[in-house]
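A.B. asks: Here's the letter readout for the chains.
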Amino acid sequence: MTDLPTAVSAEVPATPEFVQVLRNLAAGVAARLDMPIDQIEEVRLAVTEAASLLLDEGEAASLRISIGRDTDVLEVRLSSDGRVDPWPSDRALSSWPWLVVKGLTDEITAERHDGDGPSIRFTKRLERGDR
Amino acid sequence: MSRSTKPSRPEEEIAELFARLPDPAAREELAKEFLPLAEYFARRFSGRGEPVDDLTQTASLGLLNAIDRFDPKREVPFSTYAAATIVGELKRHFRDRGWALRVPRNIQETAILVNRTVSTMWQDLGRAPTVAEIAKVADIGEDDVLQALDALQAYTTDSLDAPAGDATTTAAESIGGEDRSFEVSEEWLSIAPALRDLPERERKILYLRFFEGRTQTEIADELGISQMHVSRLVSQSLEKLRDNAGEV
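Residue numbers (the working numbering), protein chains in the order written: chain A, 1 to 131; chain B, 1001 to 1248.
Please keep in mind that the hints were generated in silico from the structure rather than gathered at the bench. The beta-carbon is built from N, C-alpha and C at its ideal position, and this holds for glycine as well. Be aware that one or more of the hints could be misleading.
[What the hints assert, rightly or not] Covered stretches of chain B (in silico footprint by chain A; criterion: 3 or more residues with CB under 8 Å from a CB of chain A, positions within the stretch not fixed):
1) 1011-1022
2) 1055-1068
3) 1210-1221
[Stated by the list, open to error] Quick list of simulated restraints, FRET-style, between CB atoms:
4) B/T1120 x A/D34: 13 to 21 Å
5) B/D1053 x A/V8: 34 to 42 Å
6) B/Q1108 x A/H113: 39 to 47 Å
[Stated by the list, open to error] Reference listing, derived: stretches of chain A covered by chain B, where coverage requires no fewer than 3 residues with Cβ under 8 Å from a Cβ of chain B:
7) 3-12
8) 37-51
9) 63-77
10) 115-126
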């Protein structure tokens, strides 16, 4: 669950093919926020990288996404049912995907709730440019 | 209710009325005579969320336009000519309200259209357009735009996004003269070894974007290329890195 009102959530098998489904979902919600397409593309890339990070960790069988939105913020939480301890691992925090998600989004945190697998949460604020 | 859409008067009388144009009385007579035709098409376009009264009004406007523009010397019967004009007016009505009465296109065609629209709009607006803006200009649905944008990412977009003349410029040249001898640090290569295989310009863009935390606009200014180009090179090179790593 995200902190913002959840617009969409979904669960898919933890395989690369299904990451495409997740990123299109996020892009769809970003478009409803009226984000310019360069920012939508950054959301899409961030989902892809965050998902690939989770796919690398703890032999996950499924990936969950939950996308929350406000008038001008998108909040994405990706989690897996993989077993990793500790989370976030040093390896994850110094990985290329982590660096990329950090660069593409406004805020990134790695979390784990009791009994859940690892999750990555990031927010992307709509920048309206000159409008 | 099946009402006839045919005029009640004989053809000769209709022709006479056309001959009297632009006499307002004759115009009104003709409009009354062919109103059932306008009503017929208004009903055909109903059930799409627009009140039928609005549609009838729009169809009637189409009919009046048809009366004013019709050339009786042509071989086409007036009702055929009017039908086309009325349908055109109704379609425009829906389009203006963001409703799509779309001719289906294949994805590739749409992708090319969207790609072209994005380039023009990005240049005109000085920023990236939104999906809704692209949909409006390209006259397609927002979902089609999203699908096309996704399809465009699937290409290796070199051929699509390389601006004219780019091929004659080497990557090093286009990076710009006042380059503070760019060297990729070992630290950063150790994080993503596949970076070694990227062309220098893409490597530099990723470095500036993700190690130095620069914005796309800053990078565009520094490299002297458009922000759109930076955005696409970022996507493209991240894609390449994943391909090389055998991931997603």
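A.B. asks: Could you run down the list of hints and mark each one as holding or not?
C.D. replies: Taking the hints in turn, this is what the structure says about them:
For the stretch 1011-1022 of chain B, the stated coverage by chain A is not satisfied: 0 residues place a CB nearer than 8 Å to a CB of that chain, which falls below the threshold of 3. Residues of the stretch 1055-1068 of chain B with a Cβ under 8 Å from some Cβ of chain A number 0, which does not satisfy the need for three, so the listed coverage is violated. Under the rule that three or more residues need a Cβ within less than 8 Å of chain A, the assignment of the stretch 1210-1221 of chain B holds, with 4 such residues. Between B/T1120 and A/D34 the beta carbon distance is about 20 Å. The supplied range of 13 to 21 Å therefore holds.
Distance hint check for B/D1053 and A/V8: the Cβ-Cβ separation is about 38 Å, which falls inside the suggested range of 34 to 42 Å. Evaluation of the 39 to 47 Å hint for B/Q1108 and A/H113 yields a pass: the beta carbon distance comes to about 44 Å. Against chain B, the stretch 3-12 of chain A contributes 0 residues with a C-beta closer than 8 Å to a partner C-beta. That does not satisfy the three-residue criterion, and the hint is violated. Under a criterion of three residues with beta carbons nearer than 8 Å to beta carbons of chain B, the stated coverage of the stretch 37-51 of chain A is upheld, 10 such residues being counted.
For the stretch 63-77 of chain A, the stated coverage by chain B is not satisfied: 0 residues place a CB nearer than 8 Å to a CB of that chain, which falls below the threshold of 3. Counting residues of the stretch 115-126 of chain A whose C-beta sits closer than 8 Å to any C-beta of chain B gives 0, which falls short of three, so the coverage hint is violated.
Going down the numbered hints, you'll see the structure goes against 1, 2, 7, 9, 10, while the others check out.
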